[in-house]
Amino acid sequence: MVKIGNLALGDFPLLLAPMEDVSDPPFRAVCKQEGADLMYTEFISSEGLIRDAAKSVQKLDIYDYERPIGIQIFGSEIESMRQAAEIAEAAGPDILDINYGCPVHKVACKGAGAGILLDIDKMVSMTAEIVKQVKIPVTVKPASAGTITASASWRWPKGCRMSAYRPSASMPAPASRCTRERPTGLT
Amino acid sequence: MYKGEADWSYLNQVKANPRLHIPVFGNGDIDSPEKALEYRQKYDVDGMMIGRASIGYPWIFNEIKHFFATGEKLAPPTLEARLAIARKHLDFSIEWKGDKLGILEMRRHYTNYFRGMPGFKAYRSRMVTAESYEEVVEILEEVRHAYADYSFV
Chain W
1 MVKIGNLALG
11 DFPLLLAPME
21 DVSDPPFRAV
31 CKQEGADLMY
41 TEFISSEGLI
51 RDAAKSVQKL
61 DIYDYERPIG
71 IQIFGSEIES
81 MRQAAEIAEA
91 AGPDILDINY
101 GCPVHKVACK
111 GAGAGILLDI
121 DKMVSMTAEI
131 VKQVKIPVTV
141 KPASAGTITA
151 SASWRWPKGC
161 RMSAYRPSAS
171 MPAPASRCTR
181 ERPTGLT
Chain Z
188 MYKGEADWSY
198 LNQVKANPRL
208 HIPVFGNGDI
218 DSPEKALEYR
228 QKYDVDGMMI
238 GRASIGYPWI
248 FNEIKHFFAT
258 GEKLAPPTLE
268 ARLAIARKHL
278 DFSIEWKGDK
288 LGILEMRRHY
298 TNYFRGMPGF
308 KAYRSRMVTA
318 ESYEEVVEIL
328 EEVRHAYADY
338 SFV
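In order, the protein sequence lines correspond to chains W and Z. FYI, the numbering used here numbers position 54 of the first sequence as 54, with every residue one higher than the one before it. FYI, the numbering used here numbers position 40 of the second sequence as 227, with every residue one higher than the one before it.
Check each hint, because a few of them may be wrong.
[Stated by the list, open to error] Facing chain Z, according to a computed beta carbon distance under 8 Å, are these residues of chain W, among others:
#1 15
#2 16
#3 27
#4 62
[As the list claims (entries may be wrong)] Rough simulated footprint, nothing fancy, chain W against chain Z, three-plus residues with beta-carbon under 8 Å:
#5 227-236
#6 263-276
#7 302-313
#8 325-334
[Stated by the list, open to error] Derived contacts from chain Z toward chain W, CB cut-off under 7 Å, selection only:
#9 214
#10 279
#11 298
If you are wondering where the hints come from, they were derived from the structure by calculation, not from laboratory data. Quick reminder that beta carbons are idealized off the backbone N, C-alpha and C, glycines included.
In isolation and in its complexed conformation, chain W is listed as follows (with noise of 0.2 Å):
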């Protein structure tokens, strides 16, 4: 039986992956009427969440029949991610699922998404500012984090549900491009 804090899945579940203007209510009542295990809303941006812009605030649109649903953030600024956190528990939600691999330019590049894991200290950093944060169980969605999650000494902060990965041997293009550095710690 898998468990994301108390929420029993079953065995093996399957979930719908957040998939911008793709997962939204409309799509998600299809894919839950065809066995859908968990869903996830499209990813909010954290700085439109607390601005409180029209289409963020929209996306926080779930309803009980939905459940067990999950809404997922994203940003840069781990303040803006504490607040939006905040305001998206209050949606009521089951799980709080944070975004860590989009790979789109003006995610990434912007430092959130996948942008993210061109700094891995603050990755962890804003998983536990936002574990701190909220009741609900917090899950997180890493494009890859390489190696280092990998690694024998790696542990998310405690508090942290769930991962899923979408696994890729290097960082996602165009994440990789938009800094001439290369990432440190990543294959």
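Based on the hints, put chain Z in the right spot on chain W.
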């Protein structure tokens, strides 16, 4: 969304970490029950996340579960099932986003729901240019009649 293939072999390394006690899920490239089973056997994961493959084909979740449980493949969704899902998606889309945006944002989904149907292109191009809910519903009805005898393989 991602381009290129995911490399799931990393997940075995991640799971081999003795300090890691939380569930680990894999995501990327799962697009059939066979592949799901292959990856489940090959990689040490607690579950899977499905993305792209579910777009226009939400049946993939139950198809994978059935395949895991029985080793047999479910029959592909019938035309009626496809029409019902497309309609449910459309209705909710309009309810949640309003007429205009609801219709607009549904356009990308039609092709996938009716993938593989010969001669569907003509219907599709009408669906993606239709501007009212009634118009789309009418085209869906035409599809119901035109393909009544078509069986999916």
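Hint by hint, work out which the structure violates, then give me just those numbers in ascending order. Hints 4, 7, 8, 11 are the ones this structure does not satisfy, whereas the remaining hints hold.
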